[in-house]
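Chemist: Sequence:
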Amino acid sequence: MKSRSCGNIVFEDGSFHICATLTSGTIQHLKKDLQVLAITEPAVIEWRADYLKENLTEENIKAGLKLIRNSYSSTPLIFTLRKESEGGAWSLLEEDLYRLRLCAAETGLLDLMDIELSSLLTEHEKLFLYESLIRSMKASGKLLILSFHDFTGAPAENTLIGTVLKMMKEGADIAKIAVMVSEKEELNLLKGLSAKLREELGLPHILIGMGELGVETRYNKKDFFSAITYASTGEKSAPGQLSIKDLKRLLENQ
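Under our numbering, think of the first position of the sequence shown as 1, with each following residue one higher.
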């Protein structure tokens, strides 16, 4: 099955559903950001819980998810606790990442969870029981996004395809690749990669070229085939990320 469904939203290659990323620093800020978000009507919401930083506790994870769910009961919600080495806002030990992700999953309030592939491939993975967490999520109808980020540049195409194949093996419902683009050749590489992922693999993908040169990967439906495209609601969570207003305008002009 190539596509994945969440409520009335179908994630498939080329759907480019706009996902509003919340980067609130406190629960109070999250309340305000949700009020502002109401006028933009995103198809999907991502909560980057790592931006809570000093406020990052199990209690606040539960409180934040409840807040978002109370405001958006039917909008697909991605929970992301990004590790620092792949662009996260806060340094956490792997065991703390797992503990907080497990806490979020056990609330039942999220629809999708984004986890870096590297967390599953760590030598301590058995200790953290990600296999059990993922199995539990899938049993309750939740979707898993496995992600890979490289802020130094774009690895070779074969390397990136191999990464996506590992994601499939680990149970990904959606594969996400985000790499820095600083040269035209890297952008062309991503164009070819997106087409191959659409044609040859059995799950939807998200492909992001970070940086100014890679901005078109976020809206260019002719050359890229992402299932989801991310937009900022305040602080940008990645280089080159666009506001919802600008992203909607660019997508409409395709």
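The reader is advised that the hints may include incorrect statements.
[Said to hold, decoys possible] Simulated DEER-style distance windows between Cβ atoms:
1. 58 <-> 135: 14 to 24 angstroms
2. 155 <-> 103: 24 to 34 angstroms
3. 136 <-> 96: 36 to 46 angstroms
4. 28 <-> 162: 41 to 51 angstroms
5. 7 <-> 251: 19 to 29 angstroms
6. 253 <-> 171: 18 to 28 angstroms
7. 94 <-> 7: 26 to 36 angstroms
8. 158 <-> 85: 35 to 45 angstroms
9. 10 <-> 108: 19 to 29 angstroms
10. 252 <-> 94: 39 to 49 angstroms
11. 99 <-> 161: 30 to 40 angstroms
Just so you know, the hints here were simulated from the structure itself, not pulled from any lab data. We put the beta carbon where it would ideally sit given N, CA and C, even for glycine.
Chemist: Could you work out which earlier hints the structure fails to respect and list their numbers in ascending sequence?
Modeler: Per hint list: 3, 6 and 8 violated.
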